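Chemist: Here is what each chain is made of, one letter per residue.
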Amino acid sequence: MLEVELDGDGECEITGLGSLADAGPGQLSFLSNPAYAAQLAATRASAVIVDEKSRGDCPVNKLVSSHPYVSFARASAIFHVTEKPPAGIHPSAVIDPEARIDPSVSVGPNCVIEAGADIGAHTIIGPGCIVGAGCVLGQSCHLRRAVVLYPGVRLGGNVRIDANSVIGADGFGYAFDGEKSIKIHHGGSVAIGDDVEIGAGTTIDRGAMEDTVIGRGVKIDNQVQIGHNCVIGEHTIICGCTAIAGSVVIGRYCIMGGASGAVGHISIADRVEVSAMSLVSRSIDEPGRYSSGTGHMKTSRWKRVITRFQDLDDMATRLRHLEKQVKKD
Amino acid sequence: MLEVELDGDGECEITGLGSLADAGPGQLSFLSNPAYAAQLAATRASAVIVDEKSRGDCPVNKLVSSHPYVSFARASAIFHVTEKPPAGIHPSAVIDPEARIDPSVSVGPNCVIEAGADIGAHTIIGPGCIVGAGCVLGQSCHLRRAVVLYPGVRLGGNVRIDANSVIGADGFGYAFDGEKSIKIHHGGSVAIGDDVEIGAGTTIDRGAMEDTVIGRGVKIDNQVQIGHNCVIGEHTIICGCTAIAGSVVIGRYCIMGGASGAVGHISIADRVEVSAMSLVSRSIDEPGRYSSGTGHMKTSRWKRVITRFQDLDDMATRLRHLEKQVKKD
Amino acid sequence: MLEVELDGDGECEITGLGSLADAGPGQLSFLSNPAYAAQLAATRASAVIVDEKSRGDCPVNKLVSSHPYVSFARASAIFHVTEKPPAGIHPSAVIDPEARIDPSVSVGPNCVIEAGADIGAHTIIGPGCIVGAGCVLGQSCHLRRAVVLYPGVRLGGNVRIDANSVIGADGFGYAFDGEKSIKIHHGGSVAIGDDVEIGAGTTIDRGAMEDTVIGRGVKIDNQVQIGHNCVIGEHTIICGCTAIAGSVVIGRYCIMGGASGAVGHISIADRVEVSAMSLVSRSIDEPGRYSSGTGHMKTSRWKRVITRFQDLDDMATRLRHLEKQVKKD
Chain A
5 MLEVELDGDG ECEITGLGSL ADAGPGQLSF LSNPAYAAQL AATRASAVIV DEKSRGDCPV
65 NKLVSSHPYV SFARASAIFH VTEKPPAGIH PSAVIDPEAR IDPSVSVGPN CVIEAGADIG
125 AHTIIGPGCI VGAGCVLGQS CHLRRAVVLY PGVRLGGNVR IDANSVIGAD GFGYAFDGEK
185 SIKIHHGGSV AIGDDVEIGA GTTIDRGAME DTVIGRGVKI DNQVQIGHNC VIGEHTIICG
245 CTAIAGSVVI GRYCIMGGAS GAVGHISIAD RVEVSAMSLV SRSIDEPGRY SSGTGHMKTS
305 RWKRVITRFQ DLDDMATRLR HLEKQVKKD
Chain B
5 MLEVELDGDG ECEITGLGSL ADAGPGQLSF LSNPAYAAQL AATRASAVIV DEKSRGDCPV
65 NKLVSSHPYV SFARASAIFH VTEKPPAGIH PSAVIDPEAR IDPSVSVGPN CVIEAGADIG
125 AHTIIGPGCI VGAGCVLGQS CHLRRAVVLY PGVRLGGNVR IDANSVIGAD GFGYAFDGEK
185 SIKIHHGGSV AIGDDVEIGA GTTIDRGAME DTVIGRGVKI DNQVQIGHNC VIGEHTIICG
245 CTAIAGSVVI GRYCIMGGAS GAVGHISIAD RVEVSAMSLV SRSIDEPGRY SSGTGHMKTS
305 RWKRVITRFQ DLDDMATRLR HLEKQVKKD
Chain C
5 MLEVELDGDG ECEITGLGSL ADAGPGQLSF LSNPAYAAQL AATRASAVIV DEKSRGDCPV
65 NKLVSSHPYV SFARASAIFH VTEKPPAGIH PSAVIDPEAR IDPSVSVGPN CVIEAGADIG
125 AHTIIGPGCI VGAGCVLGQS CHLRRAVVLY PGVRLGGNVR IDANSVIGAD GFGYAFDGEK
185 SIKIHHGGSV AIGDDVEIGA GTTIDRGAME DTVIGRGVKI DNQVQIGHNC VIGEHTIICG
245 CTAIAGSVVI GRYCIMGGAS GAVGHISIAD RVEVSAMSLV SRSIDEPGRY SSGTGHMKTS
305 RWKRVITRFQ DLDDMATRLR HLEKQVKKD
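Chains as they are written, first to last, in the working numbering: chain A, 5 to 333; chain B, 5 to 333; chain C, 5 to 333.
Simulated from the structure, these hints should not be mistaken for lab results.
All values reported here derive from a predicted model rather than from experimental measurement.
Accuracy of the hints is not assured; some may be wrong.
Note that the list lumps identical chains together, so a pair holds whenever it fits in one copy or between two copies.
Stated by the list, open to error - Cross-link-like lysine to aspartate or glutamate pairs, in silico, EDC-like; alpha carbons within 20 angstroms at most: (1) Lys302 <-> Glu9; (2) Lys187 <-> Glu238; (3) Lys332 <-> Glu201; (4) Lys88 <-> Asp106; (5) Lys187 <-> Glu7; (6) Lys57 <-> Asp274; (7) Lys331 <-> Asp274; (8) Lys331 <-> Glu15; (9) Lys307 <-> Asp318; (10) Lys307 <-> Asp61; (11) Lys184 <-> Glu201; (12) Lys331 <-> Glu56; (13) Lys187 <-> Glu214; (14) Lys88 <-> Asp100; (15) Lys302 <-> Asp318; (16) Lys184 <-> Asp274; (17) Lys57 <-> Glu9; (18) Lys302 <-> Glu290; (19) Lys307 <-> Asp317; (20) Lys328 <-> Glu238; (21) Lys57 <-> Glu277; (22) Lys331 <-> Asp61; (23) Lys184 <-> Glu15; (24) Lys328 <-> Asp318.
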């Protein structure tokens with residue numbers, strides 16, 4: 005199940021998980037990030053998932069895996085008790101008579117489900133969620149708590165959304181008439197594929213005319229903002245606090261680092277990785293890793309450096325001038 | 005109504021809107037962003053709103069406008085079915101007997117309206133909203149879903165707020181006594197002008213002594229943070245994920261780009277535009293466009309560049325030294 | 005109580021607070037930020053809290069303090085009417101029979117309190133809050149409105165959390181198996197110390213195996229994201245919109261400026277101050293002030309500068325080359 009080879013005591017009983025530094029007897033740990041390799045020798049875990057290379061350095065029972073972190077993820081599912089409220093509708097929930105709710109669905113206290121919503125088998129709507137009119141949810145979804153789906157949002161199967169995320173609010177579109185901003189009404193919606201997971205406090209706006217689209221297997225962290233009409237490719241990962249403006253097309257298997265951003269109306273190729281707090285300010289056509297920013301330094305030094313930075317065009321001109329002069333000499 | 009001149013078949017029936025690339029027969033599209041000009045020739049829309057300059061390039065019925073995007077915004081209102089729940093108070097809502105609610109108001113399921121709140125005619129309080137004690141809402145406001153107004157917040161007329169926004173929480177003010185932080189209690193509130201629109205997951209803090217003020221016609225996107233005692237001038241636009249610290253005064257008709265920021269206790273003149281993810285770190289006195297940041301590049305190159313950046317002061321000194329030497333020679 | 009020395013009319017009655025610029029008769033103001041010193045001479049406040057140095061410049065009654073801002077914070081508590089709903093459980097709240105709730109607790113309308121939650125004396129659960137199964141809240145906490153605590157979260161005493169914050173959602177952890185992301189289930193929780201205050205719309209994720217820990221006296225502003233397994237030291241201050249990745253250890257008495265960030269798996273020493281919108285991209289071992297970024301400038305100039313920035317490695321090489329050449333000459 006974990007796709008590992010046992011090297012050690014097959015009778016050793018594992019009752020839980022722990023980090024290399026903190027695990028104790030009966031616990032299973034893992035080594036994946038080399039930064040923690042030094043902790044392996046001293047671990048008190050009963051067993052550790054390691055790769056072939058670290059097998060020799062592991063003083064306890066070993067589960068040898070070609071991908072220790074993947075094996076560990078699988079182990080985490082074994083020891084996890086998933087929330088599983090009973091099927092049925094809590095009496096405090098307010099359900100429109102025109103909503104279609106599979107009998108296997110669980111609807112928690114204080115939920116609101118509006119007219120025409122259609123909720124698939126084994127889906128869990130946690131406490132305090134609001135499912136707008138005409139929303140369609142696939143099978144085995146889980147809105148964990150206080151999620152808001154605006155009308156017409158569509159989720160595939162096995163979609164998980166954490167607390168206080170808002171899917172399908174109007175995009176931020178205004179036309180300026182010279183005096184004031186005139187709202188663009190948004191007739192599109194949001195379509196979310198199978199196996200998508202969305203963290204807490206994230207917002208995904210509905211499209212102006214077509215839908216905003218989140219591809220299958222995409223994972224989105226907390227407090228991410230995705231603007232109207234974005235298309236996010238399958239299996240892309242978007243870390244916390246990332247801000248993606250409207251009409252951005254992001255490829256498959258990308259990673260947007262924490263607090264990164266992308267300006268509107270650009271596209272990003274497949275398999276692009278953007279560093280933390282980097283801004284993608286024009287389209288990226290090639291896979292690879294991209295960054296912006298300056299790295300941190302002592303503020304005293306930084307104050308001098310940014311003064312120079314602002315004069316960089318002048319410095320470059322002077323350098324070119326000197327080069328000519330020295331060459332001439 | 006759209007302020008356009010028809011150039012084509014006046015009998016053509018339009019039933020909806022679509023983008024240039026995706027619209028089909030019966031749909032109206034528009035061309036405003038030159039980035040999409042190439043799509044005009046191939047559009048299958050039945051009609052397109054264009055400006056005079058693009059009229060000749062449009063192969064279908066034309067609606068010629070001096071501001072195509074404004075005309076399109078007006079068209080979007082025609083085809084939009086706005087949420088319009090019936091007047092009255094849902095039986096699951098908890099209404100303090102001392103709240104004053106106009107009979108034309110709609111209060112949705114699971115709302116809480118506290119003592120002394122005063123809600124103007126035709127306002128809609130969507131599901132799950134909490135309106136604090138003593139809040140005053142003007143006419144025709146719409147709190148869409150799960151909006152939280154802290155006590156004493158005042159909204160003008162025609163204010164729209166999207167889901168999970170929080171208006172009027174305490175500002176982040178502490179005095180450090182050498183050992184711990186002592187809270188500044190906030191006696192001000194938040195005053196929001198007519199025609200303001202606020203996206204989802206946005207927070208606007210109440211003032212310490214005076215109010216935080218959002219001017220008439222201001223449009224604020226999702227996940228924006230506006231600190232205590234800010235004053236935002238009329239018709240200013242604040243894009244998503246922008247962070248504005250306390251006591252910032254922003255002028256009229258400004259545009260704060262996505263994920264931009266402003267440090268505390270500064271002022272920004274009228275008609276200033278700040279680029280995406282740029283930080284305004286001191287007051288800006290002149291209108292115009294301002295930016296910070298570095299632009300993105302391949303991470304491999306970026307790593308070399310930022311090493312140089314940190315040495316920029318040294319480089320500048322050496323350049324100056326060389327110049328003197330070469331001149332002397 | 006304010007730890008001040010009165011210099012003026014001891015009979016003067018103070019009925020409220022005001023800023024130097026806006027206070028009128030009967031109001032008390034303060035001068036702490038030197039940026040506002042010019043407003044002292046013209047103030048119409050009845051009394052001002054000043055330090056010894058500014059005493060001579062104050063034209064009205066003086067309360068002389070060694071820390072005017074601290075004295076003002078104490079004064080703000082005197083004039084503040086704190087929300088104090090009556091003890092008891094609102095009939096619309098949904099309380100699991102296996103929750104333990106002290107009789108002195110106030111539970112507001114539409115709250116949900118799940119099985120095994122344990123809520124200490126004098127705690128206030130404001131309207132619309134969701135307290136997950138097995139959560140433990142100390143005495144005199146205040147969840148102001150619509151706060152979500154996931155199962156198993158533990159709060160010390162005197163913890164305040166503002167609206168729409170989410171504590172204890174799963175951390176963002178996935179193992180990539182080459183085709184798709186496999187969820188790391190999170191068995192840790194969040195432990196929050198005494199006297200912690202958390203703003204609106206903030207998210208703090210639960211740990212993967214151990215807990216995420218927020219130390220005593222920490223103050224966290226709005227829309228902050230704190231990743232799984234972070235440890236935040238006592239009395240640290242985290243300003244709005246800050247994004248802290250997973251497994252970051254931050255020391256005591258630090259200040260993370262607004263919209264700042266820290267990448268994952270690093271540590272930050274005690275008494276470090278990070279500037280607004282700066283990214284901490286590697287561990288910081290020494291106390292002091294740190295910054296990243298470029299400072300803002302006119303966009304026209306900035307566009308030239310960032311072109312040069314991207315060539316900085318080349319410029320540095322050419323400068324070194326010139327130096328050698330000039331020396332040789």
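Chemist: The structure should be examined with respect to each hint, and the outcome stated for every one.
Modeler: Tested hints:
1. Taking the closest pair of Cα atoms, Lys302 and Glu9 never come within 20 angstroms of each other, the shortest separation being 48 angstroms inside a single copy and 39 angstroms across copies.
2. For the identical chains of this complex, Lys187 and Glu238 are inter-copy neighbours only, at 16 angstroms across copies versus 31 angstroms inside a copy, given an alpha-carbon limit of 20 angstroms.
3. Taking the closest pair of Cα atoms, Lys332 and Glu201 never come within 20 angstroms of each other, the shortest separation being 64 angstroms inside a single copy and 63 angstroms across copies.
4. Taking identical chains as interchangeable, the C-alpha atoms of Lys88 and Asp106 lie at most 20 angstroms apart only when both belong to the same chain, with a minimum of 16 angstroms there against 28 angstroms between chains.
5. Taking the closest pair of Cα atoms, Lys187 and Glu7 come within 20 angstroms of each other only across two copies (16 angstroms); inside a single copy the shortest separation is 54 angstroms, beyond that limit.
6. Proximity of Lys57 and Asp274 under a CA criterion of 20 angstroms is satisfied in neither setting, with 31 angstroms inside one chain copy and 36 angstroms between copies.
7. With identical chains, the CA atoms of Lys331 and Asp274 are never at most 20 angstroms apart, being 46 angstroms at best within one copy and 49 angstroms at best between copies.
8. For a Cα distance limit of 20 angstroms, the shortest separation of Lys331 from Glu15 qualifies neither inside one copy, at 78 angstroms, nor across copies, at 74 angstroms.
9. Taking CA atoms no more than 20 angstroms apart as the test, Lys307 paired with Asp318 passes in both settings, with 18 angstroms inside one copy and 13 angstroms between copies.
10. When the C-alpha separation of Lys307 and Asp61 is checked against a cutoff of 20 angstroms, the pair qualifies neither within a copy, at 46 angstroms, nor between copies, at 33 angstroms.
11. In the homo-oligomer, the alpha carbons of Lys184 and Glu201 lie at most 20 angstroms apart only across protomers (12 angstroms), although the nearest pairing inside one protomer, at 38 angstroms, exceeds that limit.
12. For a Cα distance limit of 20 angstroms, the shortest separation of Lys331 from Glu56 qualifies neither inside one copy, at 58 angstroms, nor across copies, at 55 angstroms.
13. Taking the shortest Cα distances, Lys187 and Glu214 sit within 20 angstroms of each other inside one copy (17 angstroms), while across copies they are farther apart (31 angstroms).
14. For a Cα distance limit of 20 angstroms, the shortest separation of Lys88 from Asp100 across copies, 16 angstroms, qualifies, whereas the shortest one inside one copy, 24 angstroms, does not.
15. For a Cα distance limit of 20 angstroms, the shortest separation of Lys302 from Asp318 across copies, 15 angstroms, qualifies, whereas the shortest one inside one copy, 25 angstroms, does not.
16. Only between protomers do Lys184 and Asp274 lie at most 20 angstroms apart by alpha-carbon distance; the minimum there is 14 angstroms, versus 39 angstroms within a single protomer.
17. In this assembly of identical chains, the alpha carbons of Lys57 and Glu9 lie at most 20 angstroms apart only when taken from the same copy (13 angstroms versus 70 angstroms across copies).
18. Taking the shortest Cα distances, Lys302 and Glu290 sit within 20 angstroms of each other only across copies (10 angstroms), while inside one copy they are farther apart (34 angstroms).
19. Taking CA atoms no more than 20 angstroms apart as the test, Lys307 paired with Asp317 passes in both settings, with 18 angstroms inside one copy and 10 angstroms between copies.
20. Taking CA atoms no more than 20 angstroms apart as the test, Lys328 paired with Glu238 passes in neither setting, with 52 angstroms inside one copy and 53 angstroms between copies.
21. For the identical chains of this complex, Lys57 and Glu277 are neighbours neither inside a copy (27 angstroms) nor across copies (40 angstroms), given an alpha-carbon limit of 20 angstroms.
22. When the C-alpha separation of Lys331 and Asp61 is checked against a cutoff of 20 angstroms, the pair qualifies neither within a copy, at 59 angstroms, nor between copies, at 53 angstroms.
23. For a Cα distance limit of 20 angstroms, the shortest separation of Lys184 from Glu15 qualifies neither inside one copy, at 73 angstroms, nor across copies, at 32 angstroms.
24. Proximity of Lys328 and Asp318 under a CA criterion of 20 angstroms is satisfied in both settings, with 16 angstroms inside one chain copy and 16 angstroms between copies.
In this structure, the hints that do not hold are numbers 1, 3, 6, 7, 8, 10, 12, 20, 21, 22, 23, in rising order.
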